Amino acid sequence: MEDDAPVIYGLEFQARALTAQTAETDAIRFLVGTQSLKFDNQIHIIDFDDENNIINKSVLLHQVGEIWHMSASPADKSVLTTCYNTTSDSRVATSAAVWRMPKEFESGTHESPDDSSNNPQALELLCHLDNAAQGNMACVLWEPMGDGKRLVSLADNHVALWDLEASSTKATVSSSATLEGKGQLKFTSGKWSPHHNCTQLATANDTAIRGWDLRSMSQNFCQQRGLSANPSQPRRAAQDPSRCLWGEKKNSTRLLFFPRVWSVRYNHSHDQLVLTGSSDSRVILSNMVSISSEPFGHLADEDDLSDGEDNHQEEKSKEPLQDSIIATYEEHEDSVYAVEWSCADPWLFASLSYDGRLVINRVPRALKYRILL
Amino acid sequence: MDADLSVSAASAAPESEVARKRRVHGMLKQYYGINDEGKVAAVAAVAATAEEEEEEEPESRDPCDINGPHFDPELYLNKLRKECSLTELMDQESLMVKQIRSLDSDMQTLVYENYNKFISATDTIRKMKNDFKKMEDEMDCLSANMAAITEFSARISGTLQDQHAQITKLSGVHTLLRKLQFLFELPARLNKCLELQAYAQAVSSHRRARSVLQQYSHMPSFRGIQDDCHAIMEQLAQRLRQKFRDGGSSAKDLSECVELLLQLDEPAEELCDKFLSHAQSRLEADLQGLEAELREAGPASGPTALLDPSGKPSAAPVAGSPADSVSPMTNPFLSPTSRMDILEFIDRGCNEFVSNLCLVIASYQELFINRPQEGDLASKNIPQMASGKLHSFVDSLATRYFSLVERRIQEEKGVGDNSLLVRALDRFHRRLQAISKLLPGSAVPSQGTEIVVQAARERIRQYLSALQSFYLDSLTDVRQALAAPRLSVGGSAVPASGTLLGSSSGGKDAAPSLPELLSSLSASILNQIKSVLASVHLFTAKDITFSNKPYFKGEFCSQGVREGLVVSFIKFVCQSSRHFCESAGDRGGSTPPALLLLLSRLCLDYETSTISYILTLTDEQFLVQHHVPVTPVTALCSEAREAAQKLLNHYVKVQGLIISQMLRKSVETRDWVNTIEPRNVRAVMKRVVEDTTSIDVQVGLLYEEGVRKAHSSDSSKRTFSVYSSSRQQARYAPSYTPSAPMDTNLLSNIHKLFSERIDIFSPVEFNKVSVLTGIIKISLKTFLECVRLRTFGRYGLQQIQVDCHYLQMYLWRFVSDENLVHFLLDEIVGSAAHRCLDPAPMEQSVIEVICERG
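Going line by line, the protein sequences match chains A and B. For the first sequence, this note's numbering assigns the number 946 to the initial residue and increments by one for each residue that follows. For the second sequence, this note's numbering assigns the number 19 to the initial residue and increments by one for each residue that follows.
Because the hints were derived from the structure by calculation, they are not lab data. Treat the numbers as computed from the prediction; the structure is a model and nothing was measured. Glycine included, each C-beta is placed from N, C-alpha and C at the ideal position. Just so you know, not all the hints are guaranteed correct.
[To be verified] Pair ranges (Cβ atoms, derived):
(1) B/Arg313 with A/Ser1269: 52 to 60 Å
(2) A/Asp1092 with B/Arg688: 41 to 49 Å
(3) B/Ala501 with A/Ser1269: 50 to 58 Å
(4) A/Leu1317 with B/Thr693: 29 to 37 Å
(5) B/Thr693 with A/Lys983: 50 to 58 Å
(6) B/Ser712 with A/Leu1317: 28 to 36 Å
(7) B/Glu695 with A/Asp1092: 26 to 34 Å
(8) B/Val867 with A/Thr1032: 42 to 50 Å
(9) A/Lys983 with B/Arg688: 19 to 27 Å
(10) A/Leu1317 with B/His597: 45 to 53 Å
(11) A/Lys983 with B/Glu695: 21 to 29 Å
(12) A/Asn998 with B/Leu490: 19 to 27 Å
Kindly generate the complete structure, drawing on both the sequences and the hints.
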C-alpha cells in the first residue's frame, strides 16, 4: 500500500467542473460535470473505494447545457447547483439552477452502475436561479456549514444572495450588490468564508481580490494581485480565491514560466497543504508552511529535513520557513482546470483535466505521518 | 802536572813532613775540587800495609810509571838500564832532560804569576783599609748632625703647641659665629627673597637652617628666629600656592612652584590633585574649544550654505593652521555640515589638547614620579600614588577628547575625499603615540586605535552605502534613458538629469542603444568600485602609522574591504536585481522590461568576468591574507548567475504577459458566435508579431543568437492548415458516435504519443532564441486557454484559423523549435473547433490569400 498509484478515470467529454460531495462524510465521492456543445452533458458521480482502489461511477444527464461550474449542498447530499451554458439563436448565456439527484444516487449505493451508463437518468430540477438581469452566471456558492438554505451567485459584475425555501423549490434574491469600477469587470470566482458566522465572502475578478460583508452587501477589502500580504488570519483560512491568486504568484515564480493556475484548494483539515492545478497539465501539491494556521510544531517540512528541528520553536506568524513543493503529479495531458480535496478523506484529492481525465491521488504517506505525528 | 809536583815533593820530604803536606795538599785539593780523599787515606794507610795496597791497585802502584805517585826512580833506573840499549837510554835521557826543562820553566811562570797576584791583592787590602777609616769618620759626623736636628725640631714644636690650639679654637668659633649670623639673618634674608620673588633661594636657605632651628628650639632666641622663619615660610608657601592656583603661570613656573612646595613639606597628594585640577582646567578649555567647534558646525551649516551658495564656506576661518593648505580640497558638497574640515579639527585637537596633555604628563612625571627621592618623600610612596592619579586623570580627559573626536568623525559622512579623513586619523593616531611613550601603561593609545578602527569600519559602511546608492542612481539614469526614446519621439530633448556622481550622460543623447547603456553602466560601476577601492586603500598606505596595526593588516583587508565592501556590493547588486523580479508583482509596470534585460546581461557579465576581476583586484591591492574563510568567487558567481537567470525569467514573464494580455483581451471582448466572415487578419495579431519582432531586436542587442533546431527551408510555407484540419478531423470525428466515448481520448492520446512531446515550460537559457521561445510559448498558451473559455460560431472558428495561420507565418523564425509553434497553434485551432457550434473550417487557400493580403 505504499503510496498507491493514482487512479485514473476517463470521461468521454471535455470537463471543467469538479466538486466533492460536501454533505457526504463517509464515502469518497466526487461529482464531475462535462462540457460539450453538441451532446447531452452529464454529471458523473465518482465513488472511490479506498480499500480496493476501485472507482464506481454513475452518470446523470444534465440536458440543459454544458456545465461550467458545480457545487454541492453542504446539507443535503442529493442537492447541487450547476452553472451552465445555453445556446439559443446564436446567443450564448450562462445561467444557474438547483438540482436534486434521484434518490438512489445520493447515497452512492446504486446497485447497477452498468445499467446506469446505458440508461442514464436525468436530474430533477428544483429551481432556476433566475438572473437574466444580472448576466452570465460565473459560479454559485453554498453557505458553508449552513443548512443548505443560502446561496451566493456571482454573475458578471453582480453578487446576489439567495434564500432557498425549505423544499428548495423556490429561490428568492434577498440582497445583491454590484461591482463597480473601470471597464468591464467580471467575477471569475469566489468563496464563502466559514468564519465570522458566514458573513464574509471573497471574490476574484481578473487580478483583484475583494471581500464582501454579506450583511450589508458592501465591499470591505480589496487587494490587487501580487500583494504578498494576506488578509487577516481567520478569513484567510477559507478564502480560496485569495489563496488562488496568491498561489498563482507563488507558483509562477517557482515554475519559471507562467503556468496559468486554474484552481487552488486548501486541505480542509491541514491547511498548509495546497493543491494547484494549472494549464501546464500538472497538479502540484505544496506545503505552504507560511500560511498554515497550524503551529509549526506539528508539521515538519517533508522536503527539508534539516529544518525539522527549528520548526518546533517557530510560531506561525513568523517568516515562512520552507514553502516547498511536495509532489508534482503529471498524469494529465491537458490543462487541469479543477482540483478538489475529498470531504471524507483529508488525504485524498481529485483533479480534472480538460480532456476529461479524472485522477485521484493521495498525499504521500510519509508526509501524512509527519503532519499527523 | 800538579800531581807530578806533589809526587815529587812527597817523595822527597820525610814522613811527618809528608803527612803534613799531604793534609795541606788535601785541603787544596778539596778546594779545587779534586776528590782523591780515598787515595789520601789509602796513602796514609800505605805506611802500614804497603804490600797489600800494591796488590790491590797494581796499575797505580806501578813504580815504573814516571807519572804515577809510586814512582821509584831506583826501580825505574834499574829497569831502564836492564831493558834498554845505550842509545835508547841516551834518547831517554835527552827526552827526560827536555821534559824537566819544560817543567821547570812552567813552574817558574806559575810561581811568578802567583806572586804578582799576591802583590796586587795586598795592595788592594791596604787601600780598602784606608777608605774604611775615612768612612767611619763621616758616619760619626752624620749621627752628630742628626741628633742636633732632632733636638731643634723638638724645640720648635714645643714652642708652637699652644698657638696651634688657639687657632683651631678660633676657627671653630668663627664657623659657629657664621652659622649663628646666618640664622640671625635668616628672617631678613627670607623676607628679602620674598620681596625679590627668589623663592627657590628662600626655600633652600630655609631648608639649611631648618634642622638647626629645630634642634635648638628650646632656646628662646632661636625659638624667636624659628618662629619668624616659620611665619615667613608660611607666607611664602601661601604665595606659592597662590601662584599655583593662578591660571596664568606657565607650565615651567608651575613645576617650579610644585617643586618648592614639595620641599616645603606640602602633602604631595594634595599637590598632585591641585596640579592636575589646574591642568585639567586648561585642558578643558581646549576641549571646550573643540566642542564649540563641533556645536558650531551643526547650526552654522544652514546659514553658511544659504549665504554662500557658490559652495566655498569652509576654508576661511582658520588661516595659518597646517591644515589650511589642504582645506581647499574639501568639497563642500561632501561635508556640508561642518565649517572646519576634519583634518583641521584633528589638527587643532592635536596641537592644543594632545600636546598640552603631553606637556602636563611630562611635567607631572618630572615633578612627582621621576624626581630623585629624598628620604622623607620616598617613604610616602609618592610615585605610585601620583601615577595612579595621573592615569585616571589622563583617562578621563582622553575619554572626553575621544568622544569629541568620534562625534566629529561621525559627522564625516561624505565619501568624496577619503585622503583627508585618513590623514586626520593618521595624525590623530600619531599624536597619541606620544602619550603612549610618555605613559607606557595607559589605555589611551589603544582606545585611540580603536577609534581609528571604528572610523575605518564606518567608512567602509559609508562606502558600501554610497556604492549602493550610486548603483541605484545609475539604474534610475538607465531607466530614464530607456524611457527617453519613447518620450522624445516627438523630438523633444530630455532635460539633462543632474547626475550627482556623473555616471551616465545617456539622458542627453538621442537614444542610447541598450549595449551602450550596458557598457556605460558597467563601466561606471566598475570605475566607482575602483575609486572606492583606491580611497579605502589609503587606510593601508605605508606612511600611515596605523596601517601596520594587526587590524589594518588582516581584518580590515579581508573582512572589511573584501567582504564588507566588495562582496557586499556584489551581493547587493544581485539582491536588488532579484528584488526587481519579486516586487514586480505589485508595481509590475514600473520596471521596464528592457531594464530587466539589461540587468540580466549585467549580472551575466558579472558572473563571467567582472566578479573575478574585481575580487582579484581587491586581493592584489590589499594583499588580503584570509585568516577566516571568505566568500569564494564561485559562490558570488553562482549568485550572479542565479540573479541573471531570474531576471531573464522575469523578463520573459513580463514580456509574455504583455503579449498574453493583448491576446486575452482580443479573445474575451469579442462575440465569437455572431462574428462576420473573416476578411482580414485581426490587428491584434499584427501587433503581436510586431511586438515580438521588436523584442527580438531588443534581446538581440544584448544576447547572442543561440542555437535553433535545424528546420527545413520551406518552413514558412508549411501547410499548417492542412495538417491542422486533418488532425481536427481525426480529433472529433469519433465524437459523432456517442457509443464509443473513450475513443476520443484514446485517439488523442495515441496522437500525442506519436507527435513529439513538447515541453512547454522549459527553463530559459542565456540566448536570444531561448528568450523568444519562452515569450512565444507563454503567449500562445494564453491564447489557447482563452479560446477554450469561449464558444465559437462558424466564422469565429474561421477567424481563429486565419489568425493562427498568420502567426504561424511569422513566429516560427523566432523560436528554437518551430514544431512548438505548430503544436500550440494546432491546439488553438483544435480547441476553437471543439468549442464551435458549427465547425466548418475555412479553405486553406482562402486562408493563405487573406494572410498574404494582410
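Status of each hint after checking the structure:
no.	hint	in the structure
1	B/Arg313 with A/Ser1269: 52 to 60 Å	holds, 57 Å
2	A/Asp1092 with B/Arg688: 41 to 49 Å	holds, 43 Å
3	B/Ala501 with A/Ser1269: 50 to 58 Å	violated, 39 Å
4	A/Leu1317 with B/Thr693: 29 to 37 Å	violated, 56 Å
5	B/Thr693 with A/Lys983: 50 to 58 Å	violated, 20 Å
6	B/Ser712 with A/Leu1317: 28 to 36 Å	violated, 55 Å
7	B/Glu695 with A/Asp1092: 26 to 34 Å	violated, 53 Å
8	B/Val867 with A/Thr1032: 42 to 50 Å	violated, 31 Å
9	A/Lys983 with B/Arg688: 19 to 27 Å	holds, 22 Å
10	A/Leu1317 with B/His597: 45 to 53 Å	violated, 39 Å
11	A/Lys983 with B/Glu695: 21 to 29 Å	holds, 22 Å
12	A/Asn998 with B/Leu490: 19 to 27 Å	violated, 59 Å
Checked against the numbered hints listed earlier, the structure breaks hints 3, 4, 5, 6, 7, 8, 10 and 12; every other hint is satisfied.
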